[in-house]
Amino acid sequence: MNWQVWLPLLVVLSSLLPGLIIFVLPENRVGLRTVLNISGAIAKLFLVGWMLWGVAEGHHFEARLALLPDIELVLRADPLALLFVTLSAVLWLLTTMYAIGYLEGSPHRSRFFGFFSLCVTAATGVALSGNLLTFLVFYELLTLTTYPLVVHRGTEMARQAGQSYLIYTLAGGALLLLGTVWLYTLTGTLEFTEHGFLHELDTAHHPSLIIIFILLIAGMGVKAALVPLHGWLPKAMIAPAPVSALLHAVAVVKAGAFGIVRVVYDVYGVEFAQMLNLLTPLAIAASVTIIWGSLRALFQDDLKKRLAYSTVSQVSYIALGVALFGPIGTIGGLVHLVHQGIMKITLFFCAGNYAEKLGIHRISQMNGTGRRMPLTTIAFSVAALGMMGAPLTAGAVSKAWLMDGATAANMPWVVWVLWASSLLNAAYFLPILWRSWFLSQPYAWPNDHPPIRQWREAPWLLLLPPLVTGTAILVAGVFATFEMSPLAWAQLITDREYFRGVP
Amino acid sequence: MSVALFYALAGAGLFSIGLHALLVHRHLLRKILAVNVMGSGVFLVLAAMAAPNAIALSDPVPHAMIITGIVVAVAATALALVLMLKLTAETGQAVLPGREEENS
Amino acid sequence: MTDVWMGVPWAVILIVLPLAAAMTAFVWPRISQLLVLGCSLVIVLAVTGLALQLWYHGVFHHALGGWGAPLGIELYADGLSLVLLAATGLVGAGVSVYASAYFSVEEKRRFWPIWLFLLAALNALFLSADLFNLYVTLELMGLAAVALTALPGSRDALAGAARYLFVSLLGSLAYLLGVALLYHAFGSLDIAVLAERLRPVPAAWVALGLMSAGLLLKTALFPLHFWLPPAHSSAPSPVSAVLSALVIKASLYILLRLWIMLFGPFAGDGVAAFLGLLGVAAILWGSVQALRQTRLKLLVAYSTVAQIGYLFLAFPLATVASWNATMVLLLSHALAKSAMFLAAGNFLNFGGHDRIADLDHIVQRLPLSAFAFALAGVSLMGLPPSGGFIGKWLLLEAALVQGRWDLAAVMLLGGLLTAAYVFKVLGKSFTQADVACTYQPKEIPARMQWVALILACGAILLGFGGTPLLPLLEIGVPFDGSGP
Chain Y
1 MNWQVWLPLL VVLSSLLPGL IIFVLPENRV GLRTVLNISG AIAKLFLVGW
51 MLWGVAEGHH FEARLALLPD IELVLRADPL ALLFVTLSAV LWLLTTMYAI
101 GYLEGSPHRS RFFGFFSLCV TAATGVALSG NLLTFLVFYE LLTLTTYPLV
151 VHRGTEMARQ AGQSYLIYTL AGGALLLLGT VWLYTLTGTL EFTEHGFLHE
201 LDTAHHPSLI IIFILLIAGM GVKAALVPLH GWLPKAMIAP APVSALLHAV
251 AVVKAGAFGI VRVVYDVYGV EFAQMLNLLT PLAIAASVTI IWGSLRALFQ
301 DDLKKRLAYS TVSQVSYIAL GVALFGPIGT IGGLVHLVHQ GIMKITLFFC
351 AGNYAEKLGI HRISQMNGTG RRMPLTTIAF SVAALGMMGA PLTAGAVSKA
401 WLMDGATAAN MPWVVWVLWA SSLLNAAYFL PILWRSWFLS QPYAWPNDHP
451 PIRQWREAPW LLLLPPLVTG TAILVAGVFA TFEMSPLAWA QLITDREYFR
501 GVP
Chain B
1 MSVALFYALA GAGLFSIGLH ALLVHRHLLR KILAVNVMGS GVFLVLAAMA
51 APNAIALSDP VPHAMIITGI VVAVAATALA LVLMLKLTAE TGQAVLPGRE
101 EENS
Chain E
1 MTDVWMGVPW AVILIVLPLA AAMTAFVWPR ISQLLVLGCS LVIVLAVTGL
51 ALQLWYHGVF HHALGGWGAP LGIELYADGL SLVLLAATGL VGAGVSVYAS
101 AYFSVEEKRR FWPIWLFLLA ALNALFLSAD LFNLYVTLEL MGLAAVALTA
151 LPGSRDALAG AARYLFVSLL GSLAYLLGVA LLYHAFGSLD IAVLAERLRP
201 VPAAWVALGL MSAGLLLKTA LFPLHFWLPP AHSSAPSPVS AVLSALVIKA
251 SLYILLRLWI MLFGPFAGDG VAAFLGLLGV AAILWGSVQA LRQTRLKLLV
301 AYSTVAQIGY LFLAFPLATV ASWNATMVLL LSHALAKSAM FLAAGNFLNF
351 GGHDRIADLD HIVQRLPLSA FAFALAGVSL MGLPPSGGFI GKWLLLEAAL
401 VQGRWDLAAV MLLGGLLTAA YVFKVLGKSF TQADVACTYQ PKEIPARMQW
451 VALILACGAI LLGFGGTPLL PLLEIGVPFD GSGP
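Residue numbers (our numbering), protein chains in the order written: chain Y, 1 to 503; chain B, 1 to 104; chain E, 1 to 484.
Chain Y on its own, in the form it takes in the complex (with noise of 0.2 angstroms):
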């Protein structure tokens, strides 16, 4: 063992121990549970980090471990993973630092932040698994270990949420076994390869192949909500506003969006998905999707629940990207995996500081929020404007390549949904915009806290994650062609895939 095989192994550790140690502690030890929370962020953050470094020098990161005699769990740190990784790093620990201030004083911490930290876990895992059995393995535990989280108010509507989002993926993760194990008696194994291990089975089992397909894109569709699978995002809105920022932006949604990415590209191969013809249903599905999670946005007055239909709408990005054979189309799909993971992470930091100090919840009340809380407004603008596809932040990078891997995948249609989509966007996100910079401000707020300074409208901690997160959507976008930005990481995973390494 050397540390090459250990890395990957740390770097899920860092979570797990201080999440089991949490899991023991007395409600009352809140310096130790906070110290545990962080360090452990931080020391994955690191870890990642020489990861990072360590796959740009060229080493190879693989930790193995055989669950059956011919079945074994893989961690590797392949390009694709290290894009998950990091953002899921990065993002954890900014969620963790506003979730110990949003849940300030609230009962069963220590209960909430071990399952945090098993869920952040999970995450971790599937980002680094290396076959089809371990992202199994880690997929279902984090069904498992987001339900907790998902219900942790206790109240009636977080149990039919809880109930609601354990059909759906629990539904779904029997589908993903049985495409899995299906796979697996086709083909003796379940490795993750560059451009496919699949393309060389005989054509006679090409319909099985095709059916397999479905049965994993849908086992993957539940979690990465693809319409019609996408019914227990909305509902699961009702956790605390941390929680709602992992589910949408850290975890449960994004590990769905990836799991298609692994299975177009490394399971199938794009170019064997395209011969099978499964590449442009996938971009149908995606772009129904789309139109839908915009259309059903557009109608909501609850803030959240109009984040969540935007969710629904805005990941499908990824899953359309992928779908666009070429490889523009590609790096489209992987940026916006990051891209929309900060933006949406702030919008969520954001509603849940406008709930939190002022007892919103609804669009209508948000009337002057802007000269009340500006800085919290700020942030919200400029990923709401993201969203949108405004020029310089990170959604216009997005948008722009996608739009040019539609045109060159030879499907103009797409560009046409995307346009769409941007304008149903602006719809809804305009006039929340316009009500909270340019409406006057109410007799009173439904549920004020007076503010501590006069500058300071929230807590630091509440006030930093978004004010970071919304800084890195401009970052993301205005340096978009740095060496190290997500687009440039995106373009080296998509070189591999489409030219064999050669860049």
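Hints are not guaranteed to be accurate.
In silico lysine to any residue, SDA-like type, Cα no more than 20 angstroms apart, as pairs [to be verified]:
no.: 1; chain 1: E; residue 1: Lys108; chain 2: E; residue 2: Pro29
no.: 2; chain 1: B; residue 1: Lys86; chain 2: E; residue 2: Glu106
no.: 3; chain 1: B; residue 1: Lys86; chain 2: E; residue 2: Arg155
no.: 4; chain 1: B; residue 1: Lys86; chain 2: E; residue 2: Gly38
no.: 5; chain 1: E; residue 1: Lys424; chain 2: Y; residue 2: Met157
no.: 6; chain 1: E; residue 1: Lys424; chain 2: Y; residue 2: Gly154
no.: 7; chain 1: B; residue 1: Lys86; chain 2: E; residue 2: Ser154
no.: 8; chain 1: E; residue 1: Lys424; chain 2: Y; residue 2: Arg159
no.: 9; chain 1: B; residue 1: Lys86; chain 2: E; residue 2: Thr431
no.: 10; chain 1: B; residue 1: Lys86; chain 2: E; residue 2: Leu151
no.: 11; chain 1: E; residue 1: Lys424; chain 2: E; residue 2: Ala374
no.: 12; chain 1: E; residue 1: Lys442; chain 2: E; residue 2: Pro367
no.: 13; chain 1: E; residue 1: Lys424; chain 2: Y; residue 2: Asn277
no.: 14; chain 1: B; residue 1: Lys86; chain 2: E; residue 2: Glu107
no.: 15; chain 1: B; residue 1: Lys86; chain 2: E; residue 2: Arg110
no.: 16; chain 1: E; residue 1: Lys108; chain 2: E; residue 2: His184
no.: 17; chain 1: Y; residue 1: Lys235; chain 2: E; residue 2: Thr431
no.: 18; chain 1: E; residue 1: Lys424; chain 2: Y; residue 2: Ala171
no.: 19; chain 1: E; residue 1: Lys442; chain 2: E; residue 2: His353
Ranges between beta-carbon positions, derived for each pair [what the hints assert, rightly or not]:
no.: 20; chain 1: B; residue 1: Val24; chain 2: Y; residue 2: Val24; range: 54 to 64 angstroms
no.: 21; chain 1: B; residue 1: Ala64; chain 2: E; residue 2: Ser104; range: 51 to 61 angstroms
no.: 22; chain 1: E; residue 1: Val27; chain 2: Y; residue 2: Arg64; range: 53 to 63 angstroms
Selected chain E positions facing chain Y (Cβ under 7 angstroms, derived; list incomplete) [what the hints assert, rightly or not]:
no.: 23; residue: His61
no.: 24; residue: His62
no.: 25; residue: Leu383
no.: 26; residue: Pro385
no.: 27; residue: Glu397
no.: 28; residue: Leu400
no.: 29; residue: Val401
no.: 30; residue: Gln402
no.: 31; residue: Ala419
no.: 32; residue: Phe430
no.: 33; residue: Gly466
no.: 34; residue: Leu470
Hints in this document: simulated from the structure, not taken from any laboratory. Note that the Cβ used here is the ideal one computed from N, Cα and C, for glycine as well.
Starting from the known structure of chain Y, arrange chains B and E on it as the hints suggest.
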């Protein structure tokens, strides 16, 4: 019809009668008796096999089985009787309470 | 050191030690607790020793007192026996520790001797190689189990025990009659010898029917499961755990052995398909019934009915892989279900009731037990990483290779139904219950919580133990029908 076959058929008959009684009767003592009748049927079948015939002398293995079986049956009967007495003391009657009388 | 391990007749110790301890505990109650705990430890050691012996020397034969078959008693062990002995050792040790805190001094005086008899009977059963020894040990086990069920002395417990006794006697008498017929027709009781002589004559068919029916009744396969939920739920919790985890597995073990070595080849696909169908029905019926229960222990008992169904899906598949899957499922069910019953026992003891609707006050004050229940549930659902997952994976793979989509679908559906009833209980951990409750709860000793948790963790860890376990199972290749 040889004697051995007669014994074996009689044993099978006893087993069936006991089974019928076990299923039909509600009183615990009758059930216990029924189980014992079934046991005797099985032992009779075993004894029939041990009978000497043209090829071999009497076979000791079934005899050993019968003796062991009887010991087991005695123990089981004792346990059943204790349970019956306890249940009678508890409920006032020696029948199985509850919904599933017909089953056991 | 190795020689010492290899030289000791571990198999004999496994039977003689608990038997002697049982009698000692009976005449000398004061040291009985010490005796039981020591005995449990030695059993675990002895199983380890036996595993080493099997690993290096292959299958194990031992003629007690130098008397071989047919009159003497021969001990026999292969991979299949070893897995069940290991389950007995682990669950037995856990239950011994649990019971030492669960029962009052007066109850313990009666519990320990019978419990040791049960352990001796289980070990002896798994080490027997001839049909009549199997009968004797089966009866000894049944009587001890009935006595344990009756221990609380309440109306429900006595009635449950009496019902259980009659079912058990009926099952073993049917089995014994089948044995008599087989002996009459083929002149042997040794399974290996019988396997060579067996011909498809009417006597063999009748024997097959009688023995299978008797054993299925004792295993509580649908529709012969009617006696299980009341008996298993009315017994004291440690006893419920043993009944569900080990006792029903004993008759299943005999059935597996008979089927694989004796009846399988000539009974043919029709009977196997029928058993598989009963398994399917058990999964669906048991799960739905479990979901409908309002009492926790009944829910767990019906869950056993459902899980038994999984163990019968291997019969129509009938490949080495599917039998391996059955063994992994059997072992993980033993660990998970005992953990679940022990956790349920903690809830019941703590709050004085097991109504699921009012469980939230209790569950939230016993987080360790709730966690144990959750981990056990994960294994039962077949979610990774757990022994249940490995078993389900292997079984699913075997089903798909043979194109049995119906069985695959039932497995997945069964998993979802299991999730439904497990989360029906677990959801109670997350309600806004007023935890500062009005009644005075009974204190639960720490070890009762930890035992449940450790057994549940065992079921989870089994998910990583497939690599050493499967080669162990192949000792004596019990599953290709060539054996002992």
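Hint check:
Of the pairs offered as hints, the one joining Lys108/E and Pro29/E holds, with about 9 angstroms between alpha carbons and a cut-off of 20 angstroms not exceeded. Taken as a hint, the Lys86/B and Glu106/E pair is honoured in the structure, with Cα atoms around 18 angstroms apart against an allowance of 20 angstroms. Taken as a hint, the Lys86/B and Arg155/E pair is honoured in the structure, with Cα atoms around 9 angstroms apart against an allowance of 20 angstroms. Distance restraint check for Lys86/B and Gly38/E: the Cα-Cα separation of roughly 33 angstroms exceeds the 20 angstroms cut-off, and the hinted pair is therefore not satisfied.
Between the alpha carbons of Lys424/E and Met157/Y the distance comes to roughly 16 angstroms, so the proposed pair stays at or under 20 angstroms and holds. This hinted pair checks out: Lys424/E and Gly154/Y have alpha carbons roughly 14 angstroms apart, not beyond 20 angstroms. Between Lys86/B and Ser154/E the alpha-carbon distance is near 9 angstroms, which keeps this suggested pair within the 20 angstroms criterion. For the hint pairing Lys424/E with Arg159/Y, the CA-to-CA distance comes to about 11 angstroms; that is within 20 angstroms, so the pair holds.
Using a Cα cut-off of 20 angstroms, the hinted pair Lys86/B and Thr431/E is violated, with the two alpha carbons roughly 43 angstroms apart. Annotation: proposed proximity of Lys86/B to Leu151/E holds, straight-line Cα distance about 11 angstroms (limit 20 angstroms). Between Lys424/E and Ala374/E, the direct Cα distance comes to roughly 11 angstroms. Compliance with the 20 angstroms bound is thereby established for this hinted pair. In summary, the hint linking Lys442/E to Pro367/E is supported, as the alpha carbons are separated by about 15 angstroms, within the 20 angstroms threshold.
At most 20 angstroms may separate the alpha-carbon atoms for a hinted pair to count; Lys424/E and Asn277/Y exceed this at roughly 42 angstroms. A hinted pair counts as satisfied when its Cα atoms are at most 20 angstroms apart, and Lys86/B with Glu107/E qualifies at roughly 16 angstroms. Distance hint between Lys86/B and Arg110/E is fulfilled; the C-alpha atoms sit about 16 angstroms from each other, no more than 20 angstroms. The suggested pairing of Lys108/E with His184/E is violated, with an alpha-carbon distance near 45 angstroms, which exceeds 20 angstroms.
With a C-alpha separation of about 17 angstroms, the suggested pair Lys235/Y and Thr431/E falls inside the 20 angstroms cut-off, and the hint holds. Taking the CA atoms of Lys424/E and Ala171/Y, the gap is about 16 angstroms. The hint holds against a cut of 20 angstroms. Between Lys442/E and His353/E the alpha-carbon distance is near 11 angstroms, which keeps this suggested pair within the 20 angstroms criterion. Checked against the hint of 54 to 64 angstroms, the C-beta distance between Val24/B and Val24/Y comes to roughly 58 angstroms, which is consistent with it.
The supplied range of 51 to 61 angstroms is broken by Ala64/B and Ser104/E, whose beta-carbon atoms lie about 42 angstroms from each other. Taken as a hint, the range 53 to 63 angstroms holds for the pair Val27/E and Arg64/Y, whose Cβ atoms sit roughly 56 angstroms apart. A hinted interface residue such as His61/E counts as satisfied when its beta carbon comes closer than 7 angstroms to some beta carbon of chain Y; here the least separation is about 28 angstroms, so the hint is violated. The interface hint given for His62/E is violated, since its Cβ lies 30 angstroms from the closest Cβ of chain Y, which is over the 7 angstroms cut-off.
Interface hint at Leu383/E: satisfied, since its Cβ lies 5 angstroms from the closest Cβ of chain Y, which is below the 7 angstroms cut-off. The beta carbon of Pro385/E is positioned within 7 angstroms of a beta carbon in chain Y (closest approach about 6 angstroms), and the interface hint is therefore held. At its closest, the beta carbon of Glu397/E sits 5 angstroms from a beta carbon of chain Y; the interface hint therefore holds under the 7 angstroms criterion. Look at Leu400/E: its Cβ gets to within about 5 angstroms of chain Y, closer than 7 angstroms, so that hint holds up.
Among the interface hints, the one on Val401/E holds; its C-beta lies about 5 angstroms from the nearest C-beta in chain Y, closer than the 7 angstroms criterion. A cut of 7 angstroms between beta carbons decides the hint on Gln402/E: the least distance to chain Y is about 10 angstroms, and the hint is violated. Because the closest C-beta pair between Ala419/E and chain Y is about 5 angstroms apart, less than 7 angstroms, the hint holds. For the restraint placing Phe430/E at the interface with chain Y, the shortest Cβ-Cβ distance is roughly 4 angstroms, inside the 7 angstroms limit, so the hint holds.
Annotation: interface hint on Gly466/E holds; nearest CB of chain Y at approximately 4 angstroms, less than 7 angstroms. A hinted interface residue such as Leu470/E counts as satisfied when its beta carbon comes closer than 7 angstroms to some beta carbon of chain Y; here the least separation is about 6 angstroms, so the hint holds.
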